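> Read off the chains here:
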Amino acid sequence: MSQDYHRQATSSPSNTGSALPVSLFFASALGWLMISSVLGLIVSLKLQTPTFMAGCEWFTYGRLEILQRNAFTYGWIANAIFGVNLWIMSALARFEFKDSWLAVGGWLGWNLALTFGLGAIFLGHLNGYVLLEMPKEVAPALFISFLFAALWPAVAFVRRPTGHVFVSQWYIIGASFVFPVAFGITQLLVLWYPTSGVLQALIHSWFIQNIQLLWIGASAISATYYFISKESGRTISAYYLATVGFWTYFLFAGWTAPASLLGGPIPVWIQSVGVTTSLMMLVPVIILGINFFGTLSYSRGFAYAWNNTTLRFVLVGMVSFAVSSALNIVFATRSLNAVVRFTDFTVGQQQLVNYGFVSMVFFGAAYYILPRVTGSFWPSAKLVHLHFWSCVIGGLGLALHLLICGYPAVNSSVMSYYYIPVIFFVLLQLVGHLAFAINSCVMLFASVRNTNDNPHA
Amino acid sequence: MKDFNLILSGIFFTLAASFGGLLISSEVQLGSLGRAPAEEGGPLFPPIETGLAIQGRQVYLELGCVTCHTQQVRPAGQGNDIAKGYGPRPTVARDYVLQTELLLGNHRNGPDLANYGARAKSDDEIHGHLRSPAAGSTMPAYHFLYVVDKNGITQPTERAQALVAYLKSLRIDYNSPEAKLKQ
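Line order of the protein sequences matches chains V and X. 1 is the number of the first residue of the first sequence in the working numbering; add one for each residue after it. 1 is the number of the first residue of the second sequence in the working numbering; add one for each residue after it.
Don't read these hints as lab results, they were simulated from the structure. These numbers come from a predicted model, not from an experiment. Heads up, the beta-carbon is just placed ideally off N, CA and C, and yes, glycines get one too. Heads up, a few of these hints could be off.
[Unchecked claim] When the alpha-carbon atoms are kept at most 30 Å apart in a straight line, the in silico DSSO-like pairs for lysine-lysine are as follows: (1) X:K168 <-> V:K136; (2) X:K84 <-> X:K150; (3) V:K98 <-> X:K2; (4) X:K168 <-> X:K121; (5) X:K84 <-> X:K2; (6) X:K121 <-> X:K150.
[As the list claims (entries may be wrong)] Rough simulated footprint, nothing fancy, chain V against chain X, three-plus residues with beta-carbon under 8 Å: (7) 6 to 14; (8) 134 to 148; (9) 151 to 163.
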């Protein structure tokens, strides 16, 4: 099995039809990343100086923070997931995408609906649940667009000409189906036909865990599996464990939801279930760690990864995944959770997952995929280095700052200077994203120009 | 694991298991929860919100206050919310049975507001805080909720009055069958 995987993962993809939608998904992901980065900077400035842009209701901290989160998740991460999953599945399943206009329709619908939803939040039409803040009327458009944009990996899997199945494909299929199911159910039970009282909070926490672990997390895990094998030319270490890792990951993830509500007004037995399953997540996390790090643990394997642009980003993502998973498990225990819940420590945990792991893996994926879909080289190696180091120092620096100084005991003694490093790290991330955007835009425009100059190429 | 239907069935099973185990069982336990009197024959709690407070809840939502403020008090031993004075008792599921949109919150840049109505001394104090927060607070001033009349006196808009009515309605200073106030 592992030999098959390696052969398939290191072969050339035949995914010409997916080039257009993949390019569009990455282009819009970049746009949303820039928007969320600018919003992130404004939000951090407002924390340091609450009077900054305080005169206008549209720019209140609460709204901008919600806008930033939604632009980052449904803009940057979602579009990157659509693009990366489609590419990987096309490559692994030898998928000739003949109806790519349907995916382009999904891309258009998703981004238009998102723009409308964020505009509504900006004007004050919002809900009180994290990642469900957009007006409920936007949800059907997002749902239908998702089906057009993101279910193609499943089609590719069903139509694959070979019988081989690879671990990345399991995670992509899982991710592709978890989002519409969890999103649809939660929209119905929380916003359209709301259940009573705290049941809404429970359903919402279930939604967040499914989205975070089984859609975003699973997609990033899939990409990690794919690129460490593809770029290192090695088979996945202890591949036989991957099946156990996959099923335990999917089985336990949804149950961990109540761990985010510890001490809240929900029955204690449900909280205990959340704590227990959070600890059980140790099983898939250890297996993923063995698979990921074991694959690169050959002679000079990590040195090779460090000198490979894609693997360098993925390597940072792998380390962030390991650290964030360990923190999430340890701080799901009641005594520690009681100390850090509601504090910036939890924001640091989120930053480590969504930026340190997910975003870094998708940056690495972009460095591999975009040259292949555009047929061009990255224009500037210096901008790649600037992007990497700005994101590592800015992104991981911010996570470390929030984890250390956001811890209540430390926070009280550093409060006066607390937000200054936050602004610095967010600004550094913005610089890195700008470098990435310039490099990507030049390459995409060069590709469009080449196509126009030579339409039969 | 090559069969698409098998993988898909497994994924749906894992989702259905957590959905059923956590959410349907919670619905069975809490779905019929209603208001209850603090003492036999007494009024039912939580009280029904006034019309102005309902409008104020909408203002609270529109301004994104939930980003920085929670509305839940954890029990002693699970955080120091009660020691901090956020409430005289932990919040329980029954406190939220009338809320069609829960504003529990999950992050605190500011204090918890579950019992703010009992802590605030007067309308003027709340208006003063909204107009001009204390020095060192990370909360911005909400000047746009106030207007200056022709006599040069600052007056609250209808939205400010609604918001204050809502904030005053946030109270858990009553006995609940699941969480008694300490004598």
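> So, for every hint listed, does it hold in this structure?
Evaluated hints:
Between K168 of chain X and K136 of chain V, the direct Cα distance comes to roughly 29 Å. Compliance with the 30 Å bound is thereby established for this hinted pair. For the given pair, K84 of chain X sits about 42 Å from K150 of chain X by alpha-carbon distance, which is inconsistent with the 30 Å threshold. Between the alpha carbons of K98 of chain V and K2 of chain X the distance comes to roughly 24 Å, so the proposed pair stays at or under 30 Å and holds. For the hint linking K168 of chain X to K121 of chain X, the alpha-carbon distance of about 10 Å falls within 30 Å, and the restraint holds.
Using a Cα cut-off of 30 Å, the hinted pair K84 of chain X and K2 of chain X is violated, with the two alpha carbons roughly 56 Å apart. A C-alpha spacing of about 29 Å is found between K121 of chain X and K150 of chain X, which places the hinted pair at or below 30 Å, so the restraint holds. Note: the stretch 6 to 14 of chain X has 6 residues with beta-carbon separation from chain V under 8 Å; the three-residue rule is met and the coverage holds. Coverage of a stretch by a chain is defined here by at least three residues with a beta carbon nearer than 8 Å to that chain's beta carbons; for the stretch 134 to 148 of chain X and chain V the count is 8, and the condition holds.
With 0 residues having a beta carbon nearer than 8 Å to a beta carbon of chain V, the stretch 151 to 163 of chain X misses the requirement of three or more and the stated coverage is violated.
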